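The whole structure should be built from the sequences, with the hints applied where relevant.
Add 1 to a position in the sequence shown, counting from 1, and you land on the number used in this note's numbering.
Since the hints were made in silico from the structure, they are not lab data. Incorrect hints may appear among the rest.
[Unchecked claim] Between beta-carbon pairs, the in silico distance windows are:
#, residue 1, residue 2, range
1, Ala74, Ser38, 46 to 56 Å
2, Thr78, Met53, 24 to 34 Å
3, Ala39, Pro151, 26 to 36 Å
4, Trp131, Gly94, 21 to 31 Å
5, Tyr59, Pro95, 17 to 27 Å
6, Ala39, Asp73, 43 to 53 Å
Bear in mind that the values here come from a model prediction, so they are computed numbers and not experimental data. C-beta: ideal position from N, C-alpha, C; glycine also.
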Amino acid sequence: MEGQAEANHKTYGTLSRPDPLLDVLSLEEDAVAPPDSAYGWVIVFATFLTNMNIGIIYSYGVLVIPLADAFDAGRGTVSWGGSIMAFMIPIIGPIAGYLSQAYGLKKVVGTGSTLVVIGLGVSSFATSVWHIYVMFGVVVGALLRLTHPP
Numbered sequence: 002m003e004g005q006a007e008a009n010h011k012t013y014g015t016l017s018r019p020d021p022l023l024d025v026l027s028l029e030e031d032a033v034a035p036p037d038s039a040y041g042w043v044i045v046f047a048t049f050l051t052n053m054n055i056g057i058i059y060s061y062g063v064l065v066i067p068l069a070d071a072f073d074a075g076r077g078t079v080s081w082g083g084s085i086m087a088f089m090i091p092i093i094g095p096i097a098g099y100l101s102q103a104y105g106l107k108k109v110v111g112t113g114s115t116l117v118v119i120g121l122g123v124s125s126f127a128t129s130v131w132h133i134y135v136m137f138g139v140v141v142g143a144l145l146r147l148t149h150p151p
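Below, the structure written as structure tokens:
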């Protein structure tokens, strides 16, 4: 073994460094085959959906003009929904941190993601601007913090 370890080293002046190509070849022999299950794809899909929640935060500006037209309100009035949501996310941070420590990250993120979808669904039935303030601003804004706890 010592002879093989010494053979994997090259001498550069006074420094002796391992030959990277020989180290890679020896790692391939010791590599473990990945498990043959679909659970890894479940994790990839869950991560994709969780990261889509970030898009909800940044895409509210796209909804302002259609919501203003639908509710016959000004753009500034409708924009308060996104502002309330942006305000709620850091306010709920300490609560989300406590919940993730008390109940575990998987439960908090899973519950938060599910409730965000429900909150967005309920906010689609809004008939007045204040419904957007409450459902999209307060409820969805607070629940988005649960999907990315500190």
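Worksheet entry | tryptophan 131 versus glycine 94 beta-carbon gap, inside 21 to 31 Å or not | The hint (21 to 31 Å, Cβ to Cβ) holds, given that tryptophan 131 and glycine 94 are roughly 25 Å apart.
Worksheet item: Has the hinted range 17 to 27 Å been met by the Cβ atoms of tyrosine 59 and proline 95?
Response: This hint holds: roughly 23 Å between Cβ atoms.
Discussion item. Assuming the hint says 46 to 56 Å, is it satisfied by the Cβ distance from alanine 74 to serine 38 or not?
Written reply: Between alanine 74 and serine 38, where Cβ atoms are some 51 Å apart, the hint holds.
Discussion item. Assuming the hint says 43 to 53 Å, is it satisfied by the Cβ distance from alanine 39 to aspartate 73 or not?
Written reply: holds (49 Å)
Practice prompt. For the range 24 to 34 Å, tell me whether the beta carbons of threonine 78 and methionine 53 fit it or not.
Written response: Roughly 27 Å apart at Cβ, these two residues keep to the hinted range, so it holds.
Discussion item. 26 to 36 Å was suggested as the range; check whether the CB atoms of alanine 39 and proline 151 agree with it.
Written reply: holds (31 Å)
In summary, this structure violates none of the numbered hints.
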